[in-house]
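> Residue numbers (the UniProt record's numbering), protein chains in the order written: chain Y, 1 to 187; chain H, 1 to 278; chain S, 1 to 217.
Hints listed in this document are in silico derivations from the structure and should not be mistaken for laboratory results.
Careful: at least some of the hints might be erroneous.
As the list claims (entries may be wrong) - Okay, the calculated beta carbon distance ranges per label pair: (1) H:F83 <-> Y:T28: 41 to 49 Å; (2) S:K207 <-> H:Q218: 29 to 37 Å; (3) H:P47 <-> Y:T28: 27 to 35 Å; (4) S:L45 <-> Y:T28: 50 to 58 Å; (5) H:S174 <-> S:T56: 42 to 50 Å; (6) S:T62 <-> H:T205: 17 to 25 Å; (7) Y:Y60 <-> H:G187: 31 to 39 Å; (8) S:T56 <-> Y:F88: 17 to 25 Å.
Said to hold, decoys possible - The calculated BS3-like cross-link candidates involving lysine-lysine, where the alpha carbons are at most 25 Å apart (straight line), are: (9) H:K184 <-> S:K177; (10) S:K101 <-> H:K176; (11) H:K176 <-> Y:K104; (12) Y:K174 <-> Y:K123; (13) H:K207 <-> Y:K16; (14) Y:K43 <-> Y:K174; (15) S:K155 <-> H:K207.
The C-beta atom is built at its ideal place from N, Cα and C for all residues, glycine as well.
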Amino acid sequence: MSDPVRVNRGSLTDLKNAVDDHLKKFLTTNQGYTENHLHIDIKLFLGYLSCLFAAIGSWYGYVHSFDDSRTITAVCVGAYFFLNVILFLYTTFVEKDTVFVGVKRDPVSKSPIEILTISANMKRYSHIYELTFASERPASSKASPSKYLLESSFGEWFDEDGVLHEPELERDLKDALEKSGTKVHVE
Amino acid sequence: MFEFVEMVFMSNFIGFVRSREPTFNVSGWQAATRIKFPSFNYPNYLPAHGHPAPPTMLAAVADQVKAFRQLNKRQIANQILNFVMIIASALMIWKALSLATNSESPIVVLLRTRHQNDVTLNTARPLDVSKAQILSLFIIPPLTNLQKFNHSGSMEPAFYRGDLLFLNMPTSESIKVGDICVFKIPGRDVPIVHRVVKLHDEYKTGKQFLLTKGDNNQVDDRGLYNQGQMWIHRDHVVGKVRGFLPYIGMVTILMNDYPQLKYVLLGGLGLFVLIHRE
Amino acid sequence: MQTPFPSDSHPLCTRTTMHNLQQRANAVSAFAISVLFSLLAAVALLSYVMPPPEPTADVAVTELRVRREYLVLTLFSPPVRAGLYSVTGRYGPDYFDYGKKTNEFAFLAFDLDADLTPLFDWNTKQVFVCLVAEYESKTHNHNQVVVWDTIIEDKENAVLEFQGERNTYALIDVSTKWQGLVANFSLRYDVTPHVGVLRSGLAGSSKAMPFPVAEKR
């Protein structure tokens with residue numbers, strides 16, 4: 001990419017997002033994984049559905065008087081909060097801290113060879129970013145996925161201006177992929 | 001067995017990473033002033049590559065917009081969802097509050113006053129009109145068509161301009177004299193916040209006949225009611241004032257007096273939420 | 001060579017401080033607002049949970065008369081404060097209450113001895129006190145009419161001692177007749193706090209006073 005990715009060096013969220021975005025790009029284009037969008041799709045669906053209920057409730061209350069619209073408003077408010085609770089539970093307990101879920105398929109039979117799940121952990125005000133690579137092979141007999149923890153400072157991938165240095169990041173990612181038991185595809 | 005090997009291996013690697021923890025030399029400030037500043041855990045960044053960050057905030061915002069354009073469809077949908085969720089949450093909390101308090105507008109703000117010379121047969125005196133403005137958490141678009149303006153004089157010294165009032169309308173409790181009520185005269189979109197001074201409950205129908213008056217006014221509100229209307233009833237009352245917070249409503253007043261400020265604020269906030277990734 | 005951050009030898013140091021400034025201002029203001037609101041909520045809650053004690057009052061109505069009053073319709077007439085038999089605070093419009101010659105108005109003089117100082121604590125902004133005539137009639141089972149009110153703002157003025165005080169507002173019933181009705185005159189108060197929940201209550205009540213027959217002019 002000709003355009004360098006520059007982020008605000010002081011914002012941990014920006015740094016994390018830049019690393020996550022590049023990670024996804026690297027794994028899908030370079031390493032042959034197909035990203036599984038289940039988590040974000042479900043979150044988007046739940047979110048937009050709750051907003052739809054909110055819109056219906058508000059519109060109905062606007063058009064009709066307060067007394068007439070009481071039941072519909074109550075139903076919509078209840079549905080909105082219920083869906084938001086479901087969304088929160090999904091994000092906290094099902095998705096947890098997953099950043100990327102990718103599948104590597106056999107080019108001939110289209111059956112999954114490997115499912116790679118990457119979850120990220122970051123402590124508050126700390127520049128250390130922990131990425132856990134969990135590689136699961138449905139074909140093999142192993143029950144639990146083989147994990148590898150890549151723990152690194154943001155300073156190793158970003159320079160003083162906040163520009164992301166892709167070679168350094170990709171080097172670390174390749175390293176982590178190897179150690180988690182994947183065959184790394186060398187360009 | 002494999003787990004054990006893995007753990008040993010990983011711990012080695014972790015140790016390897018940790019040993020490269022940053023150390024930094026005393027900065028120029030500390031050397032100059034000879035004060036020992038507390039040491040922050042800053043990372044060592046790679047040397048600059050020749051893409052300096054823009055010096056102005058506007059250019060930094062342009063940077064973020066550029067980053068925004070590089071998002072894929074799902075991420076853009078996520079950003080839009082964040083924006084819409086804020087509006088929806090505000091609206092739903094407002095509706096939930098109004099359902100809980102059984103009143104159309106559970107929170108009102110006392111706004112600008114207006115003297116009105118009402119020369120009709122009702123009254124010939126210059127009358128201070130009372131209105132109060134609905135609070136819109138400024139993210140909520142003004143869907144409510146209730147515009148309340150309270151003459152800060154007519155309920156002084158209790159309520160002044162910019163005060164926040166919390167209303168409720170319990171179905172079990174009846175209105176008593178001395179209660180401060182927010183009521184709307186039919187045909188006028190001008191809700192008024194005044195105290196009840198007369199109350200007559202009809203035995204047969206259970207209908208309440210109410211007369212109101214502002215504390216600081218010399219006369220009662222019959223001059224404000226419709227022509228020929230001498231009383232108001234319970235269904236005209238939006239709510240009874242229960243809670244009170246001074247000065248907080250000044251934000252809404254400012255946004256009412258300067259609508260450009262409202263658009264700028266809302267627009268800026270909206271843009272910020274859309275662009276900024278959590 | 002790796003230099004620590006922030007590096008004050010960097011020529012463009014301002015950009016990092018600008019971002020930092022933005023973030024810090026944002027964080028500080030968010031924190032300040034949340035602290036302010038939790039403080040206000042705490043004050044309101046504390047006042048609600050620990051209200052000041054109830055005050056006591058003695059109300060005695062010494063004189064109660066009923067007269068038929070009416071006024072010639074005039075367009076501009078300021079309220080007149082005069083003797084016992086003149087209407088002082090008028091409930092307008094004038095033609096409604098005072099246009100008919102058969103409307104009966106009640107006039108009273110009362111003695112008040114009330115100590116409202118317990119109501120004034122750290123969170124009291126003002127106390128609105130009113131003397132209310134409460135009665136039942138054949139057609140209306142619950143009637144309340146304010147005949148006199150005052151607003152107390154300081155603790156020093158909170159002791160009310162009046163003898164022979166007149167009513168400031170006209171006392172007229174919906175049916176415009178006082179025949180056969182009996183009323184209690186009670187002192188009600190309404191406390192407006194600086195922050196929190198409004199409180200109202202009853203301080204004291206007079207004994208039941210029957211309304212006399214309307215006097216002949």
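> Each of the hints needs a verdict: does it hold here or not?
Results of checking the hints against the structure:
1. H:F83 <-> Y:T28: 41 to 49 Å: For T28 of chain Y against F83 of chain H, whose Cβ atoms are near 27 Å apart, the range 41 to 49 Å is violated.
2. S:K207 <-> H:Q218: 29 to 37 Å: Holds, at about 32 Å.
3. H:P47 <-> Y:T28: 27 to 35 Å: 30 Å, holds
4. S:L45 <-> Y:T28: 50 to 58 Å: 53 Å, holds
5. H:S174 <-> S:T56: 42 to 50 Å: With Cβ atoms ~26 Å apart, the hint is violated.
6. S:T62 <-> H:T205: 17 to 25 Å: 37 Å, violated
7. Y:Y60 <-> H:G187: 31 to 39 Å: Hint violated: Cβ distance 24 Å, outside 31 to 39 Å.
8. S:T56 <-> Y:F88: 17 to 25 Å: 53 Å, violated
9. H:K184 <-> S:K177: Between K184 of chain H and K177 of chain S the Cα gap is close to 30 Å, so the pair fails against 25 Å, i.e. violated.
10. S:K101 <-> H:K176: 30 Å, violated
11. H:K176 <-> Y:K104: Given pair K176 of chain H, K104 of chain Y is violated - Cα atoms ~74 Å apart, limit 25 Å.
12. Y:K174 <-> Y:K123: OK: K174 of chain Y and K123 of chain Y at ~24 Å, within 25 Å.
13. H:K207 <-> Y:K16: The hint is violated at about 64 Å.
14. Y:K43 <-> Y:K174: Roughly 30 Å between the alpha carbons, so the hint for K43 of chain Y and K174 of chain Y is violated.
15. S:K155 <-> H:K207: 39 Å, violated
In the structure shown, a violation is registered for the earlier hints numbered 1, 5, 6, 7, 8, 9, 10, 11, 13, 14 and 15, in ascending order.
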